[in-house]
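Student: Residue strings, one per chain:
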Amino acid sequence: MTMHSRLQNLPVSFFSTVMGLSGLAIALQRADELWASSPALGNVVALLSLLVFVVLLLCYGVKVVRYPEQVIGELSDPVKMSFGATITVSLVLLSITTLQLAPALSKALWMTGAVLHLVYTLYALNTWIHKTDFEIRHMSPAWFIPVVGNMLVPVAGVTYASPEISCRVSCACLSICPGGLTLFRWRR
Amino acid sequence: MTVATLVMHDLTQLPAYTFLAWLFLGLLCAIVLYLIIRTLYAVSRHQICVAGH
Chain A
16 MTMHSRLQNL PVSFFSTVMG LSGLAIALQR ADELWASSPA LGNVVALLSL
66 LVFVVLLLCY GVKVVRYPEQ VIGELSDPVK MSFGATITVS LVLLSITTLQ
116 LAPALSKALW MTGAVLHLVY TLYALNTWIH KTDFEIRHMS PAWFIPVVGN
166 MLVPVAGVTY ASPEISCRVS CACLSICPGG LTLFRWRR
Chain B
303 MTVATLVMHD LTQLPAYTFL AWLFLGLLCA IVLYLIIRTL YAVSRHQICV
353 AGH
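In order, the protein sequences belong to chains A and B.
Per this note's numbering, residue 16 is the first one in the first sequence, and the count goes up by one each step.
Per this note's numbering, residue 303 is the first one in the second sequence, and the count goes up by one each step.
Treat each hint with caution, since some may be false.
Stated by the list, open to error - Here are the simulated distance ranges between beta carbons:
| hint | chain 1 | residue 1 | chain 2 | residue 2 | range |
| --- | --- | --- | --- | --- | --- |
| 1 | A | Glu-84 | B | Thr-314 | 52 to 58 Å |
| 2 | B | Ile-339 | A | Val-94 | 22 to 28 Å |
| 3 | A | Val-163 | B | Thr-341 | 18 to 24 Å |
| 4 | B | Phe-321 | A | Val-134 | 40 to 46 Å |
| 5 | A | Ala-123 | B | Met-310 | 48 to 54 Å |
As the list claims (entries may be wrong) - Chain A side only, calculated, beta carbon under 10 Å to chain B, not exhaustive:
| hint | residue |
| --- | --- |
| 6 | Gln-23 |
| 7 | Pro-83 |
| 8 | Asn-141 |
I should point out that these hints are in silico values taken from the structure, not numbers from a laboratory.
The beta carbon of each residue, even a glycine, is placed where N, CA and C say it ideally should be.
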């Protein structure tokens with residue numbers, strides 16, 4: 016298999032690896048603060064997740080330029096579409112891992128991630144509600160990614176923006192889940 | 303859940319939360335390590351980035 020066809024088939028869900036590594040980094044950083052038992056281990060994992068994100072972003076950027084039809088197909092697929100939010104959730108998670116390490120970078124990551132994630136959540140909601148070819152069998156736990164990602168925005172958000180914004184984002188997330196899913200089931 | 307348990311351990315200093323915090327942190331490390339190994343194994347066998355995935 017050639018490098019071109021591999022790039023063509025690079026799934027957007029690969030960004031979930033950054034989510035996993037960032038989550039581990041946050042837990043290790045917290046444990047380090049409490050016990051001083053894993054000195055710098057959390058920061059090492061945080062830097063590793065940042066590196067993985069940059070590499071994946073470059074690869075996916077090339078895919079966007081070279082194979083835009085593949086990307087459009089992926090982001091409009093009923094099941095794969097939810098994984099598009101793994102990019103923006105990764106940005107928000109990375110802003111949490113770099114909160115102490117590099118505050119300026121963390122703020123830039125948070126602002127970019129929070130805005131893009133809001134846009135993607137609205138896109139996902141709009142697609143779920145208005146697209147007619149979605150069926151009940153397309154529902155999967157992955158559908159929670161765009162919605163629940165909003166719960167992560169306030170973690171660094173209380174440092175960089177007013178608490179009211181964080182509160183509203185959390186409330187929006189909590190209200191989308193039951194409301195959106197009920198509406199979707201009713202329309203089918 | 304791990305971070306929440308760590309926060310509860312910090313707030314209460316109860317031994318139960320200390321135990322749970324270590325347990326969840328250990329589990330989390332083990333799961334992520336397992337997934338890294340599985341991913342690298344799949345990459346080495348050219349099972350990733352193939353059509354239909």
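Student: Against each hint, give a clear statement of whether it holds in the structure.
Tutor: Checked hints:
no. : hint                               : result
1   : A:Glu-84 to B:Thr-314: 52 to 58 Å  : holds, 55 Å
2   : B:Ile-339 to A:Val-94: 22 to 28 Å  : holds, 26 Å
3   : A:Val-163 to B:Thr-341: 18 to 24 Å : holds, 23 Å
4   : B:Phe-321 to A:Val-134: 40 to 46 Å : holds, 43 Å
5   : A:Ala-123 to B:Met-310: 48 to 54 Å : violated, 32 Å
6   : Gln-23                             : holds, 8 Å
7   : Pro-83                             : violated, 17 Å
8   : Asn-141                            : violated, 26 Å
In the structure shown, a violation is registered for the earlier hints numbered 5, 7, 8, in ascending order.
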